[in-house]
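Model the full structure from these sequences, guided by the hints.
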Amino acid sequence: MFQVGIKEVAILGIYAYVVFKVIKKGDMGKKAIATLVALYLLVGMEGFSLESTAATIKSDLKSAEKTVEKDVKGFMKASNVNNNTVGKSPQDEVGGGMMGPKVPPMGSQMPYDGLCLKTGNQEYWMKSPDNMPFLSNDTLYTYLGSEGPVKMKISDQAALMGPPIDGVKGSPEKMFMLANNRSSLSCCPSTFSTSTGCICTTENQRDYVAERGGNN
1 MFQVGIKEVA ILGIYAYVVF KVIKKGDMGK KAIATLVALY LLVGMEGFSL ESTAATIKSD
61 LKSAEKTVEK DVKGFMKASN VNNNTVGKSP QDEVGGGMMG PKVPPMGSQM PYDGLCLKTG
121 NQEYWMKSPD NMPFLSNDTL YTYLGSEGPV KMKISDQAAL MGPPIDGVKG SPEKMFMLAN
181 NRSSLSCCPS TFSTSTGCIC TTENQRDYVA ERGGNN
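Going by UniProt numbering, the sequence shown opens with residue 1, and the numbers climb by one from there.
For the record, the hints were derived by calculation from the structure and aren't laboratory data.
Hints should not be assumed to be uniformly reliable.
Once the Cα atoms are required to be at most 25 Å apart in a straight line, the calculated SDA-like pairs of lysine to any residue come out as [claimed, not checked]:
no., residue 1, residue 2
1, K21, L39
2, K21, I33
3, K21, A10
4, K24, G5
5, K7, G26
6, K73, A54
7, K7, L36
8, K30, I11
9, K169, A179
10, K118, S183
11, K58, K70
12, K118, S190
13, K31, L42
14, K24, A38
15, K58, K73
16, K169, Y141
17, K31, I6
18, K70, A55
19, K25, L39
20, K169, E211
21, K30, Y40
22, K30, A16
23, K25, I6
24, K7, L39
25, K118, S193
26, K174, D130
27, K25, V9
28, K151, S183
29, K169, K118
30, K174, N137
31, K25, V37
32, K30, G13
Derived DEER-like restraints, expressed as beta-carbon distance ranges [as the list claims (entries may be wrong)]:
no., residue 1, residue 2, range
33, S128, G167, 19 to 25 Å
34, K118, G162, 25 to 31 Å
35, V72, G5, 57 to 63 Å
36, Q109, K58, 57 to 63 Å
37, V68, G5, 32 to 38 Å
Backbone N, C-alpha and C define an ideal beta-carbon position, used for all residues, glycine too.
What follows is the structure, encoded as structure tokens:
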């Protein structure tokens with residue numbers, strides 16, 4: 001690195017005069033030569049000392065590192081980060097000082113959290129009726145979306161085939177699992193619902209659904 005003295009100022013002044021007054025505008029070749037000459041006179045034969053530059057940078061980095069460490073320590077000391085204390089500002093007339101003992105969180109936030117209402121049924125969460133028997137085939141009607149017979153007529157179930165609707169041998173066999181189930185508002189809430197209420201399922205049906213129809 002070079003220091004700026006009278007000699008350097010004089011060289012820079014002569015360089016500026018030559019570039020802007022003597023050399024014609026657009027003559028980049030002569031300007032480049034003048035620049036090289038000025039650099040040679042300013043820097044000298046030895047050029048920039050890399051060792052000196054590296055030493056200067058290293059010294060500056062060490063100084064900056066110490067400054068940063070000092071600032072971080074000062075910040076940590078003045079704040080309540082990771083020290084379990086609460087700082088007190090001049091406007092704070094109540095707070096401040098050491099924090100109190102940590103209190104474990106409550107298990108519930110509201111009076112009814114975790115409250116289980118038992119119904120007395122086999123499945124305590126399900127209110128009565130919790131097990132409604134299936135409707136027999138001779139009481140089933142088929143409701144059509146278009147015009148049907150003027151008079152209501154019992155549906156013929158003889159041609160219907162399928163697996164047992166609750167997975168138990170001897171139960172009605174249909175492709176629709178809920179074909180013989182009742183629907184009632186009394187069975188609400190339920191997994192399945194219709195326009196006439198919730199589907200009243202049986203325990204066997206619920207177990208059948210839980211085991212995915214025996215497809216394990």
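Here is what the structure says about each hint:
1. At roughly 19 Å between alpha-carbon atoms, K21 and L39 fall within 25 Å of each other, so this suggested pair holds.
2. Distance check on the hinted pair: K21 and I33 sit about 15 Å apart at the alpha-carbon level, within 25 Å; holds.
3. The hinted pair formed by K21 and A10 meets the criterion: a straight-line CA distance of about 16 Å does not exceed 25 Å.
4. A threshold of 25 Å between alpha carbons decides the hint, and for K24 with G5 the separation of about 29 Å lies outside it, so the pair is violated.
5. Proximity of K7 to G26 is assessed by CA-CA distance (about 29 Å); at most 25 Å being required, the pair is judged violated.
6. A threshold of 25 Å between alpha carbons decides the hint, and for K73 with A54 the separation of about 29 Å lies outside it, so the pair is violated.
7. This hinted pair checks out: K7 and L36 have alpha carbons roughly 17 Å apart, not beyond 25 Å.
8. Our distance criterion of 25 Å between C-alpha atoms is met by K30 and I11, whose separation comes to about 17 Å.
9. A threshold of 25 Å between alpha carbons decides the hint, and for K169 with A179 the separation of about 16 Å falls inside it, so the pair holds.
10. At most 25 Å may separate the alpha-carbon atoms for a hinted pair to count; K118 and S183 meet this at roughly 23 Å.
11. A threshold of 25 Å between alpha carbons decides the hint, and for K58 with K70 the separation of about 19 Å falls inside it, so the pair holds.
12. The hinted pair formed by K118 and S190 meets the criterion: a straight-line CA distance of about 17 Å does not exceed 25 Å.
13. Between K31 and L42 the CA atoms are separated by roughly 16 Å; this keeps the pair inside 25 Å, and the hint holds.
14. Between K24 and A38 the alpha-carbon distance is near 18 Å, which keeps this suggested pair within the 25 Å criterion.
15. For the suggested pair K58 and K73, the alpha carbons sit about 23 Å apart, so the restraint of at most 25 Å is met.
16. Of the supplied pair hints, the one linking K169 and Y141 holds, its CA atoms being roughly 24 Å apart against a limit of 25 Å.
17. Straight-line distance between C-alpha atoms of K31 and I6 comes to about 23 Å, which keeps the hinted pair within the 25 Å bound.
18. A threshold of 25 Å between alpha carbons decides the hint, and for K70 with A55 the separation of about 23 Å falls inside it, so the pair holds.
19. Between K25 and L39, the direct Cα distance comes to roughly 21 Å. Compliance with the 25 Å bound is thereby established for this hinted pair.
20. Pair hint K169 plus E211 holds up; C-alpha atoms about 16 Å apart against a cutoff of 25 Å.
21. The suggested pairing of K30 with Y40 holds, with an alpha-carbon distance near 15 Å, which does not exceed 25 Å.
22. Annotation: proposed proximity of K30 to A16 holds, straight-line Cα distance about 13 Å (limit 25 Å).
23. Restraint check: the Cα-Cα separation between K25 and I6 comes to about 29 Å, which exceeds 25 Å; the hinted pair is violated.
24. Only pairs whose Cα atoms come within 25 Å are accepted, and K7 paired with L39 is accepted, the gap being roughly 13 Å.
25. For the proposed pair K118 and S193, the alpha carbon gap of about 23 Å is at most 25 Å, so the pair holds.
26. Between K174 and D130 the CA atoms are separated by roughly 22 Å; this keeps the pair inside 25 Å, and the hint holds.
27. Note on K25 and V9: the hinted pairing holds, with a Cα-Cα distance of about 24 Å set against a maximum of 25 Å.
28. As the CA atoms of K151 and S183 are separated by approximately 23 Å, the hinted pair is consistent with the 25 Å bound.
29. With a C-alpha separation of about 32 Å, the suggested pair K169 and K118 falls outside the 25 Å cut-off, and the hint is violated.
30. With a C-alpha separation of about 11 Å, the suggested pair K174 and N137 falls inside the 25 Å cut-off, and the hint holds.
31. Between K25 and V37 the CA atoms are separated by roughly 19 Å; this keeps the pair inside 25 Å, and the hint holds.
32. For the hint linking K30 to G13, the alpha-carbon distance of about 17 Å falls within 25 Å, and the restraint holds.
33. The beta-carbon spacing between S128 and G167, approximately 24 Å, falls within the hinted interval of 19 to 25 Å.
34. Taking 25 to 31 Å as the suggested C-beta distance range, the pair K118 and G162 does not conform, at roughly 37 Å.
35. Taking 57 to 63 Å as the suggested C-beta distance range, the pair V72 and G5 does not conform, at roughly 41 Å.
36. Between Q109 and K58 the Cβ separation comes to about 58 Å, which falls inside the hinted range of 57 to 63 Å.
37. At about 35 Å, the beta-carbon gap between V68 and G5 stays in the expected band of 32 to 38 Å.
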